[in-house]
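Undergrad: Protein sequences, first through last, are from chains C and R. UniProt numbering numbers the first residue of the first sequence as 1 and each following residue consecutively. UniProt numbering numbers the first residue of the second sequence as 1 and each following residue consecutively.
There may be inaccurate statements among the hints.
[Claimed, not checked] Listed below are the simulated DSS-like cross-link pairs for lysine-lysine, each with C-alpha atoms no more than 25 Å apart in a straight line: (1) R:K30 / R:K142; (2) R:K33 / R:K144; (3) C:K67 / R:K33; (4) C:K397 / C:K327; (5) C:K67 / C:K397; (6) R:K142 / R:K33; (7) R:K97 / R:K84; (8) R:K84 / C:K67; (9) R:K142 / C:K67.
[Said to hold, decoys possible] Here chain C is said to cover these stretches of chain R; the calculated rule only asks that three of the stretch's residues, wherever they fall, bring their Cβ under 8 Å from a Cβ of chain C: (10) 27-36; (11) 115-123; (12) 131-138.
The hints are simulated quantities; they were obtained by calculation from the structure and are not laboratory data. Cβ coordinates follow ideal geometry from the N, Cα and C atoms, glycine included.
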Amino acid sequence: MGSPVRNKNNGAFTIKCGLTNSGDSSSPRLVTNAVVRSKGDKATYIGHEFDRCRDFSSLHYRLPFEKGYLVDWDAQKAVWDGIFSEEVLRVNTTESSLLITEPYFNLPNLQEVYDQFVFEEYEFASYHRCSPAALIPYGNLYGSSSSAPPECMLVVDSGFSFTHVVPIMGSSIVWSAVKRLDIGGKLLTNQLKELVSFRQWNMMDETYIMSHVKETCCYVSTSYRRDMEICRENPRKNDIVQEYILPDFSANRQGHIRKAEDVGETDQILYMNNERFSVPETMFYPSDIGLQQLGLPGAIAYSISLLPNDVQGMFWANIGLIGGTTKIPGFRDRLLHELRSLAPIDVEVIIHTAADAMTEAYKSALAFARSGDFSSYVVTRAEYQESGSNASRRRFKDWKSTDNEKCPDPYPRKGKAPMQESDDERISIPTRGGRARNRTGPSGQRRR
Amino acid sequence: MPPKRGRPRRQVQVEAAAARAHIDPELIAKRTKRHLDELERSNYTESSTLFASADDEDQDRGPAARGRARQTISDKREHGRKKKSTMNIRTAVLYRKNLATLIDESGIAALPGPTYLTAAVPPPNEPPRLICSVCGYWGKYKCKKCAMPYCDLNCEAVHDETRCERRVL
Numbered sequence: 001m002g003s004p005v006r007n008k009n010n011g012a013f014t015i016k017c018g019l020t021n022s023g024d025s026s027s028p029r030l031v032t033n034a035v036v037r038s039k040g041d042k043a044t045y046i047g048h049e050f051d052r053c054r055d056f057s058s059l060h061y062r063l064p065f066e067k068g069y070l071v072d073w074d075a076q077k078a079v080w081d082g083i084f085s086e087e088v089l090r091v092n093t094t095e096s097s098l099l100i101t102e103p104y105f106n107l108p109n110l111q112e113v114y115d116q117f118v119f120e121e122y123e124f125a126s127y128h129r130c131s132p133a134a135l136i137p138y139g140n141l142y143g144s145s146s147s148a149p150p151e152c153m154l155v156v157d158s159g160f161s162f163t164h165v166v167p168i169m170g171s172s173i174v175w176s177a178v179k180r181l182d183i184g185g186k187l188l189t190n191q192l193k194e195l196v197s198f199r200q201w202n203m204m205d206e207t208y209i210m211s212h213v214k215e216t217c218c219y220v221s222t223s224y225r226r227d228m229e230i231c232r233e234n235p236r237k238n239d240i241v242q243e244y245i246l247p248d249f250s251a252n253r254q255g256h257i258r259k260a261e262d263v264g265e266t267d268q269i270l271y272m273n274n275e276r277f278s279v280p281e282t283m284f285y286p287s288d289i290g291l292q293q294l295g296l297p298g299a300i301a302y303s304i305s306l307l308p309n310d311v312q313g314m315f316w317a318n319i320g321l322i323g324g325t326t327k328i329p330g331f332r333d334r335l336l337h338e339l340r341s342l343a344p345i346d347v348e349v350i351i352h353t354a355a356d357a358m359t360e361a362y363k364s365a366l367a368f369a370r371s372g373d374f375s376s377y378v379v380t381r382a383e384y385q386e387s388g389s390n391a392s393r394r395r396f397k398d399w400k401s402t403d404n405e406k407c408p409d410p411y412p413r414k415g416k417a418p419m420q421e422s423d424d425e426r427i428s429i430p431t432r433g434g435r436a437r438n439r440t441g442p443s444g445q446r447r448r
Numbered sequence: 001m002p003p004k005r006g007r008p009r010r011q012v013q014v015e016a017a018a019a020r021a022h023i024d025p026e027l028i029a030k031r032t033k034r035h036l037d038e039l040e041r042s043n044y045t046e047s048s049t050l051f052a053s054a055d056d057e058d059q060d061r062g063p064a065a066r067g068r069a070r071q072t073i074s075d076k077r078e079h080g081r082k083k084k085s086t087m088n089i090r091t092a093v094l095y096r097k098n099l100a101t102l103i104d105e106s107g108i109a110a111l112p113g114p115t116y117l118t119a120a121v122p123p124p125n126e127p128p129r130l131i132c133s134v135c136g137y138w139g140k141y142k143c144k145k146c147a148m149p150y151c152d153l154n155c156e157a158v159h160d161e162t163r164c165e166r167r168v169l
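The whole structure should be built from the sequences, with the hints applied where relevant.
TA: Below you can see the structure in the form of structure tokens.
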């Protein structure tokens, strides 16, 4: 593997990227995946340029992702251009290979655009595209790299846009049991913004600040009722309440939690009382905000119930957490506590966590790209030029190829009922359409 | 004179109370959906600034630049490369579609296997917990006008003053 491989975990809010040949460093470069306009700085920052931002008040975000799917390619291209340039990775795309993540159940028409960007715009030599959880078997989330990963694992990926429960059996995803909970970091930050704006300061335009407040103050309560009573007792002085001193950008000072020795007359204080735990609580009780979905423990139990009976116990014992939202303190303990009561009495429930849940998928990607057989998973530029997006449709295993296990035919969807054939037409590209036409031609003649 | 006006007024009150007792669940569902959509927004002041921020940078280039070839943000930073993009790329960059349209066009609704549309977690079996819409404590009571929960008289007063939708019945 002479050519450098570029890894990119293309998160909806943070891109984790790096090169495989960059020595031993396994920590990725984090790039905000947004075009941000700062009123205070009177400047627009694209992706990595956001590091230069000094005034974080009333930032306007333009995010390429909507509900976890890539819709704004203009913004995305601007961010990607910056990442490939001298300023970040300094990479010659035509000579390198790319490993990029896509959202679970990525739409087929969006996947084609991914292919187009990789080969037509950046002209990579080859690339592989898959969901973040598919990389986890290559990483160390379930123990050291020397031992083989478990046969069955259940990856909980809770990111910026949503949360997915992804069962993996024998290193391939069981798509029929993958479940999505529509709660992620974005929703939690927005909810916190709303609560605080109603109760104390108007922070509706301060996404950046409130995101920081969420990261520093919020925790998952292990006993919601007890914590709620504590906060009710004395709302300004109890074991839970924290005083967050809001940042002062004119003095270039970041926001932080007030300590005993901090005494500032002019400081603006945000009291974080039951907001600290009632916001992450939404992950466990989505119905609190009116979202008609099971909480995360229920979602995990439901996903496992869809799997074959004899291996369900293995999934209970191999739950792994990835994604930035799982980093909220207390997340694992609460989840374990609730799962214990949902799991059958005779199974063991074990939750594996990573040192940094946000970059775990990236680290696994790194291991995958460095492994010897990575080159057998990629689509090359020549293959793309030959057969277009069909090349990646055949090579990359994703949610559409779930039928592959039943019939080893490389084109499983061809032999099916004519109804589905016509559905394929809509999303197909010339080669496939051509074949279909050839087949209908003679049969039409016969009818006559 | 007073007795004549008294009767109809009482009748109106009775009718209003009867109507208030039952709030259309559809209205509540609509309100909840609107709230959930709000929680998905990237910026609070989305609609007005979306175009404003695009415009204020365009102004220095004059009206001529706003012709058919729209400038995109990805064009603003050159990063040393000057290459003409292919038609596919230009289409993707210039014509932004929202997720609903993309789902529609992808045709996944007709696919037999699991898709984005079937992957959502099912609704819970137990009824929702009631949380005070003002302070976040348990909401034992519900507003008669808008069915939002609240916990005590203090929060009721705040609710009536600020949050209640005051639906006129």
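Undergrad: Indicate, hint by hint, whether the structure satisfies it.
TA: Hint check:
This hinted pair checks out: K30 of chain R and K142 of chain R have alpha carbons roughly 18 Å apart, not beyond 25 Å. A distance of roughly 21 Å separates the Cα atoms of K33 of chain R and K144 of chain R; the hinted pair therefore holds under the 25 Å criterion. For the proposed pair K67 of chain C and K33 of chain R, the alpha carbon gap of about 15 Å is at most 25 Å, so the pair holds. Our distance criterion of 25 Å between C-alpha atoms is broken by K397 of chain C and K327 of chain C, whose separation comes to about 29 Å.
Annotation: proposed proximity of K67 of chain C to K397 of chain C holds, straight-line Cα distance about 23 Å (limit 25 Å). Proposed proximity of K142 of chain R and K33 of chain R is supported: the alpha carbons are some 19 Å apart, at most 25 Å. In summary, the hint linking K97 of chain R to K84 of chain R is supported, as the alpha carbons are separated by about 23 Å, within the 25 Å threshold. Note on K84 of chain R and K67 of chain C: the hinted pairing is violated, with a Cα-Cα distance of about 31 Å set against a maximum of 25 Å.
Distance restraint check for K142 of chain R and K67 of chain C: the Cα-Cα separation of roughly 32 Å exceeds the 25 Å cut-off, and the hinted pair is therefore not satisfied. Under the rule that three or more residues need a Cβ within less than 8 Å of chain C, the assignment of the segment 27-36 of chain R holds, with 3 such residues. Coverage of the segment 115-123 of chain R by chain C holds [criterion: at least 3 residues with CB-CB distance below 8 Å; count 7]. Look at the segment 131-138 of chain R against chain C: 6 of its residues bring a Cβ nearer than 8 Å to a Cβ of that chain, three or more, so the hint holds.
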